[in-house]
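> Each chain, letter by letter, is given below.
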Amino acid sequence: MSDLEFKAIGKVFPGVRALSDISFRVEAGRVHGLLGENGAGKSTLMKILGGEYVPDEGELIVGGQVRRFQRSRDAIDAGIAIIHQELQYVPELTVMENLLLGRLPSRFGFVQKRGAIAWTREQLQKIGVEIDPLARLRDLSIGQRQMVEICKAILRDAKVIALDEPTSSLSHRETEILFRLVRELRSQGKVMIYISHRLEEIFALCDSATIFRDGRKVADYPSLAGVTRDELVNRMVGREISDIFGYRARALGETRLAVRGMHGPKLAPPADFSVRRGEIVGFFGLVGAGRSELMQLVYGADKRDSGEVLIDGAPLPGRHIRNAIAAGLVFCPEDRKEHGIIGCRSVAENINISCRRHSRRAHFFVNDGAEAEIADGYIKLLRIKTPNRQQPIRLLSGGNQQKVILSRWLAEQDLRVLIIDEPTRGIDVGAKNEIYAVLYELAAKGVAIVMVSSELPEVLGVADRIVVMCQGRITGELARADASEQKILSLALPVSDSPQRLAA
Amino acid sequence: MDKRKLLRHLDDYSLILIFIALFAVLSFTVEYFFSWQNMIGLALSVSQIGMVACTMMFCLASRDFDLSIGSTVAFAGVLCAMVINQTGSIVVGIAASLLAGGVIGFINGAVIAKLRINALITTLATMEMVRGLAFIASNGQAVGVSDEAFFNLGNTIIFGIPSPVWITILCFVVFGVMLNKTVYGRNTLAVGGNPDASRLAGVNVDATRIYIFLIQGVIAALAGVILASRITSGQPNAAQGFELNVISACVLGGVSLMGGRASMSGVIVGVLIMGTVQNAMNLMNIDAFYQYLVRGGILLLAVLIDQLKNRGQAD
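Top line first, the protein sequences correspond to chains A and B.
Just so we're aligned: the first sequence equals residues 1 to 504 in my numbering.
Just so we're aligned: the second sequence equals residues 1001 to 1315 in my numbering.
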């Protein structure tokens, strides 16, 4: 049997202890969940398992043998496959080439393409996915790419397969396919490790679980039978969180943001909507419904064909991002790593990049003192976990990066409208709670907030009003009191899938 | 813990330590190396590279690239000589050259930022075109300058140090302050670190890039004018391969080709290492043909060290 065991694993980075004394065991033929907030040490442990980091203390035992991986190659050779949050693939190559990388069948040096295509199709069908072997990876959805990665792992006969946040950008259907596959692999006697922030998934999929907090193991569940969701959350966070949304009704004011006739490439008809002072409006829709596209047009990040944005009744003087920011309209993008943070720059730089136009001297010179004060102020206010303000932001966890991006906009002197796209994607429960608290506080100060989200509970739990989009158009609007999952979904699904809406 | 800290500090200053070691070894082993006269010669030999390395640092830090500067140096020299001969005014000649450099830089920047054409291709094209202009304007001949007052610009000694060296030092100071203390410098590093995120954070990415190339063009032209003054004529075939030496010096100085990382002190040391090696090879009478090998080897080594350093901090 090829069980997997961690024995007293410890890892220290300069200035931070990432892991201490982690011991647990996963039996073959089981799915083991790893839970914990971001920065709790799960990803570090996975990197140790995958040979990317060498542990400073402890032992890793795979199939009864003590292993010391010095590099990724060692782990791969030992039968370990890690499917990362950020997938590793060659985007320009086809699915077939990715699966056959390094072992394309050939005769006299020429690739035997037909045989290779048939073989690839067969392998993909074996795991129950329909993907064109000749499709380029960059043209596939994230879910499909994940399937290709898993297929790769199966092909090299991996004994241990770890999935790190696999469903964070999957559609409902893709998630189901993934679950079926995980169960299938379990029945084949593989050691499966499953990391997710979504507790429903842990309950649905995992046989056992380990909870991490601050680099330590805080709980081990050999079986999840009879364990409640609240118990897991409280263990993860280390404090009682009864309602992670913590919604309280607020008084709403005049219309603050009005968008009229906004039209661009991915929108079907021009879109109109408005947000009042102190109001949080949730924008829900399936992936590709056009919510992010609409917000990019409003912010000025994309060129619009037509449309107008008014803030407190005054139209923006131009269509540039700078005009929006100057008028107090700001935007936190969905993909933090690609569009939010400037990874190699410090926390302080990332906070001050926009608001420094208020503190600069002679329009040209940076005021270091003022900027340090602003940065330290927000690090303290939002409890951003960082050794100091000079730390490169890429070293922070997702939740803390999001707090830095929020600080960037909180530091604007006259913030009026905040558009935030997927505010808590890939962020752990504790930090989610803190980010919601920031949104409520801003709303209470009269800021109009647009929150784009693909998570139904989040939209239902945080928003005062919910706007639903589908296939590039706004299909409906629901007050908080009237909203339910069913109503929202029936508006979000394309007409052919949703007979209720035809009747309604 | 302390050992780690020490190692990290060593790492930060590794380049300076390498330079000091190199300098010390050469001082003891190479005859005439450690003399005031040779030091001045060394400084003078890197003055052109030093000036343009300042602006190239910005260019690389913003994840861009400029191959056209060698041609700009030559064209600016030729143009300056011709305009001085035509108008009889040194000031007009210099102004015309700097303006031309600015225009070339602006075109580079505008094409790269607005038309979104790859910097390598764009500046490769302008490199050819500007070199062509230099040859066309001068008919392929060196253009001598009739007004001898012009030669003072590059040949005056102030406090024992030649004027080009002073100008280079001034560039080091000005651009060092620009990089670290101004909004422009911080924006440059932000754009290099993540152009999309910078744009969404309200940085005027296009304008920043255009300024970077424009200033680069002006400084390259300045280097060309000073070179013309030193050699008393505008040479259309001057400064061939100059752009690669400048980029080498920057990379040697720890400027990341991936953008977002640069320091003035690093670039200064990079320039000095390049110059020192060259100078020592000349003193040792090493054939110029072999010097190419050595220069290339040093660059490769610098990039390798950089790569090894980055591997540790990839995450």
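Hints in this document: simulated from the structure, not taken from any laboratory.
All C-beta atoms, glycine included, are put in the ideal place defined by N, C-alpha and C.
Some hints could be false.
Taking CB as the label site, the calculated pair distances span [to be verified]:
no., chain 1, residue 1, chain 2, residue 2, range
1, A, Asp272, B, Ala1207, 31 to 41 Å
2, B, Ser1146, A, Glu92, 53 to 63 Å
3, A, Gln188, B, Ala1125, 38 to 48 Å
Cross-link-like lysine-lysine pairs, in silico, DSS-like; alpha carbons within 27 Å at most [unchecked claim]:
no., chain 1, residue 1, chain 2, residue 2
4, B, Lys1181, A, Lys380
5, B, Lys1114, A, Lys337
6, A, Lys266, B, Lys1114
7, A, Lys303, B, Lys1181
8, A, Lys303, A, Lys266
> Now look at each hint and say whether the structure bears it out.
Results of checking the hints against the structure:
no. : hint                             : verdict
1   : A:Asp272 / B:Ala1207: 31 to 41 Å : 33 Å, holds
2   : B:Ser1146 / A:Glu92: 53 to 63 Å  : 59 Å, holds
3   : A:Gln188 / B:Ala1125: 38 to 48 Å : 58 Å, violated
4   : B:Lys1181 / A:Lys380             : 25 Å, holds
5   : B:Lys1114 / A:Lys337             : 24 Å, holds
6   : A:Lys266 / B:Lys1114             : 23 Å, holds
7   : A:Lys303 / B:Lys1181             : 33 Å, violated
8   : A:Lys303 / A:Lys266              : 11 Å, holds
Violated hints, listed in ascending order, are 3 and 7; each of the other numbered hints is respected by the structure.
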